[in-house]
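**Student:** What follows is each chain in one-letter form.
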Amino acid sequence: MSTVIKGGLVIDQTGERNGDVVVEDGRVVAVGPDLSGDEVLDASGCVVAPGFVDIHAHLRQPGAEEAETIETGSWAAVRGGYSAVVAMPNTNPPIDCAAVVQEVLALGRLAPCDVYTSGTITVGRKGEQLAPMAEMAALGVRLFTDDGNGVQEAGLMRRAMEYAAGLGVVLAQHCEVDSLAAGGHMHEGEWSSRLGIPGVPAEAEELMVMRDIALSRFTGAPIHFQHLSTRGSIAMVRAAREAGLEVTAEAATHHFTLTDEACASYDPVFKVNPPLRPADDRDAVREGLADGAVDAIATDHAPHSPDTKEMPFDQAPPGMLGLETALALALTELNLPLAEVVGLLTWQPAAIAGLKGVHGAPIAPDGPANLCVFDPNETWTVDPDALASRSRNTPYAGRQVRGRVRHTIVGGRPVLVDQEMRP
Amino acid sequence: MKHLLSINDLGAEGIDEVCRLADHFTEVSQRPIPKVPALRGKTVAMLFYEDSTRTRLSFEVAARRLSADVMGFSVSASSVNKGESVRDTVATVSAMGPDAIVVRHRSAGVPQQTAAWTHASVINAGDGWHEHPTQALLDCYTIRDRLGSVAGRRIVIVGDIKHSRVARSCVMAFTALGAKVTLVAPPTLLPPEVGSWPVDISFSLDAVLSDCDVVYGLRVQKERQSEALLPSLREYTAQWGLTAARAARLHPDALVMHPGPVNRGVEIAPEVLDQPNATLNEQVRHGVAVRMAVLYLLLAADPDLRPEGAGT
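Listed in order, the protein sequences are those of chains A and B.
Quick note: my numbering has the first sequence finishing at residue 423, numbered continuously throughout.
Quick note: my numbering has the second sequence finishing at residue 312, numbered continuously throughout.
Treat the hints as calculated values from the structure; they're not laboratory data.
Note that this is a predicted model, so its numbers are computed, not measured.
Check each hint, because a few of them may be wrong.
To be verified - Straight-line C-alpha distance at most 27 Å; calculated BS3-like pairs for lysine-lysine:
#, chain 1, residue 1, chain 2, residue 2
1, B, K2, B, K35
2, A, K6, A, K356
3, B, K2, A, K309
4, B, K82, A, K309
Unchecked claim - Just the calculated beta-carbon pair ranges, DEER-fashion:
#, chain 1, residue 1, chain 2, residue 2, range
5, B, A12, A, A235, 35 to 45 Å
6, A, T381, B, A12, 54 to 64 Å
7, A, L139, B, S74, 49 to 59 Å
8, A, E203, B, Q239, 24 to 34 Å
Every residue gets a Cβ at the ideal spot worked out from N, C-alpha and C, and that includes glycine.
Here chain B stands alone, though its shape is the one from the complex (with noise of 0.2 Å):
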């Protein structure tokens, strides 16, 4: 595999091998020395168009851990600023010959014509509403990790679906691997023709929330408001957030989720956040040793530098 742009690039085996090779790199990361030599000589760069905190720490964190040297580009700090077309961009950071583009856009589909533009790899840290596949895998290797497996899992995703890569790629994984996924959302937050996508659709929380094993919750934006898709977010609290009163409904042991950041109190109540089956750390966490595997995955051509059971 030579990108990584979208969840079906991997398909339920990608899923499972990225899954099999994070194993070794949290073993990894549990090290008094957290690094290991498989990527050293490899470059890989970070082409971050939109503001990241965790996402571009942890591709940083994750190249470093294996040895790869990490090119920075802060867009405020670039000829970006003067102007500079993304093409443009890329041809200037690929001509310093990195192995990996690591990009994030607001634009969706800009890794998949980075890739065309470029020899290096190119892993897609979120594009536009598009999709966020990193998110999604180390969403499944939480949920593997605390529940044993994703497949049969009941799954519901609430908030604004339609402008969430997080949604799109979540549903691709969670589906591919065996979950049986449920969108909730007021009809004014889900795509157009969500009908054809492999999930079923509700639009209360309340009836879906006793008989799950996953919530996972979605920012909500201000700026809905004022594009007429919500009233405010006080009634989207009261209707779709997962309120203490809401939290005191689910199984005991069902999951509490949601990539961050959170705005708290709206789409999560902050009690909530801080319960034992709140995911939201060890998401960060496993974020580290995902992306290690997918860099991996990608980069390390070299199969006697694979560790023992991984597959190729």
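For reference, chain A alone in the conformation it holds in the complex (with noise of 0.2 Å):
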């Protein structure tokens, strides 16, 4: 059976045009004019996209299902627009050896989008000792960090990435010096100030971003660093790329669209690892995005149940919902063309987690049909109750934000239509 995908105006990384694209058997068949199929998919006012790709999502499984579970958190990345996600391995237990990645992998299997799991840099992410990452590589591994944590001691790091660059993975590092960002709770600055709560400095995540910058340029290997979050971290990162080293750089969501004053309602929703910042280190969150010095958007879907975010702030565990306001965040915040827009959520992200070729390519004949397709124009308000995610702790309840996912396409099944989950 064939879908045809009408009316909508065509964006991937070759550029911009107007056509219709049939997918057949999990491949784009046809993109031109006046094309029909079996089933009619309206992209009339809509953009068609490759299907986005998150390279931080939380799934939470397992361990945590009764905040998320692949399965609730896949249905909440299709209702984002995703056709692949990243699981992070902070799970319990962590994803630290085959075992648990084959796990990950077989619920993944049966979920509505394509999912891949990142393992951990070392085991059970304590520091201490290097985790079997060939092994996980073995099983298409491809992305390693012990998210939640940044890897404390530098030698141990020089001989994760040495040890990494062999296998051809990439490890993504949380950046944050223990002894700096110990016992804060939210950014450290004029409002953790005011407010009474312990605060995280900038330099917390600085240090170690300037660390690893200086074991990539020792080592020769890559580097990936995960939701940056200052202004320092980003020119950097910025200055390093300009020096020709392989460091790459995500940003999340609500550090280009929300700042630490939020944490004034001492409602911790807004609680975060990295926190949120000032505008000042927003702005530069944003500048980055804009101008190549930060690949890709990430969401750093970080399900809580409700328990949990109703404690008080100092007790409550850091983390927020990204999945399905990432675009629509994107679309309102970053004020850039829809390119490359695209491209932040797409190819980009792809080519840090290695899955180029299957997610973020190129909308053409005999390429995969992961799609997207979105109105950027369309306003709605975002409503925790609303959301596929099992859990609600959305920081944006009430906001009214503009461009929504109308259809996802994952391997050429239409798993979201009209807005509409199909199982």
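Given two chains presented individually in distinct reference frames, assemble the corresponding complex, making use of the accompanying hints.
**Tutor:** Structure follows, in structure tokens:
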């Protein structure tokens, strides 16, 4: 059975053109005017793009299924226009060996989008001993991270980078120097001072960015920086890339949308790690996304069950939902040309995660049929109760945003049609 | 006004009103039977998640002198020890219908969260490093009582400003009333970006001592040593303690204040605490009248019960 996406503006890495897109048997079979197919998906007024790729999603399984499962997280992804997500390994048990990787991939095969997993850099994310990266890489893992923690020991990080380079995989760092960040619950600055909440200084992130750039230069290994949140971090990455180093970076949607002032409500829905920063840092994240210092928009989708987010601010876990609002926030907040936003959501993250060719690929005959159709002009209001995620911790409740995903096609199968999930 | 979560909820006018009401309740407290029926039938619940002697007793005495009923709550003897969340405990206490809940918690923001979870009025009795508004109110009242007014006074607050909810509330209250506030501490005990606060900063107590109307000492905790914020309490006392020698350089009318509990000999020398210009016991005494005023302001809906001259 074939599906035709009619009347949209096709945007991919090769450019923009008006045309219909026909998919069949998991592949794109035709792109052009006046095409037909068994099922017709209307795309008038819409952009037809490669399906989005989130290289930073916490799907919480195994271990915290009350907050999210691979199934519910994947539906949230599909609602957000994603055809691929890379699960973070800070589960319980952590994804630090072949057995857990296999379990996650097996659950992922039942999901409506393609689920990839990252693996940990160190056993148990403890920062003490290298995890068996080769056995995980053999199962297809391409990104390794201790996300939630930075690798504190410079010597260990050096060896991890050298070892990973030999496997052709990339290390992704959660940049945070524990001895500076310990005990902090929001950005250290004017607002933390006023609110009496212990702070995490920008320097806790920047020192590790600085160190890992030096280690990348030293080892020749690539490094990917997760959820950069400060002006200093982004400036260092920009300089490192200009110097020719293999350094990539992502920014999370909340870091280009919100500021630390939001914590004045003491609502832990605004608690996240790295924390929301002042407006100048938020603006630096936007500039980094605009000038290419930052390669990708990531969600850092971090579901938490309501009871854990209804705690005192300093006791609640950090993290916020992101998959279902990422496109809208990018279009509403960034003021970038459509093609650049699409690049930040598709082929650029796909390249970092080693998914090029399968996701983020050009929309052309014989290409993979992983697609997203979105209306860049539809405005809507974020309603936590209308989310597909099992959790409700979105910091955007009640916010009016612009840009909405209409259809998502994964492997040729329409899994979201006119915003309705199709199990 | 429904809640008292922050000094900012009151502003200068509100602080003045509390002080005027407190004048009345000071008079009540001096009667042979120090009790009025103003809050008869009202219930005040105490939700203290952190140890407290003076604040808790003071609120209880204040509520009783207004004829309110008091619901006690001790964390050590409650379901909190069974892992009940703050939200569930607030819901449980609220279901018993208190008119006000007085909250103390070690985490900043809990009173604000509590206000969203209950229909009762919420009074912040101290939250983490954030605020302790009734302490600042009784301090304003004490300064006003001793020196006539807070406006124009030069007030030095010395000690662990960074971790002090008293400092945050006092800075807001004193500056709202027109005092000139100087914070004195080593840089490690000052909050980040304190430059944005409406105060002067000094690292030397000696530099500001002879030129002030009030020295307000804050408690310094031993833990600050292990966090590398201080080399030792001995060094703290030598540099920032109100020793007898330093006290001798104060203007004769200058007040020595402290929110208690005092580490005798650390922040303030024992002999200085016994001088007539040390107001520690007065602060505690005024605390009752000020808390009566706050409870009255939040709970006495019936204007006929308001004392003469008290505004709304």
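**Student:** A separate judgement is required for each hint: does it hold in the structure or not?
**Tutor:** Evaluated hints:
no. : hint                          : result
1   : K2(B) / K35(B)                : 24 Å, holds
2   : K6(A) / K356(A)               : 26 Å, holds
3   : K2(B) / K309(A)               : 25 Å, holds
4   : K82(B) / K309(A)              : 19 Å, holds
5   : A12(B) / A235(A): 35 to 45 Å  : 44 Å, holds
6   : T381(A) / A12(B): 54 to 64 Å  : 39 Å, violated
7   : L139(A) / S74(B): 49 to 59 Å  : 55 Å, holds
8   : E203(A) / Q239(B): 24 to 34 Å : 27 Å, holds
Hint compliance for this structure: hint 6 is the single one not met.
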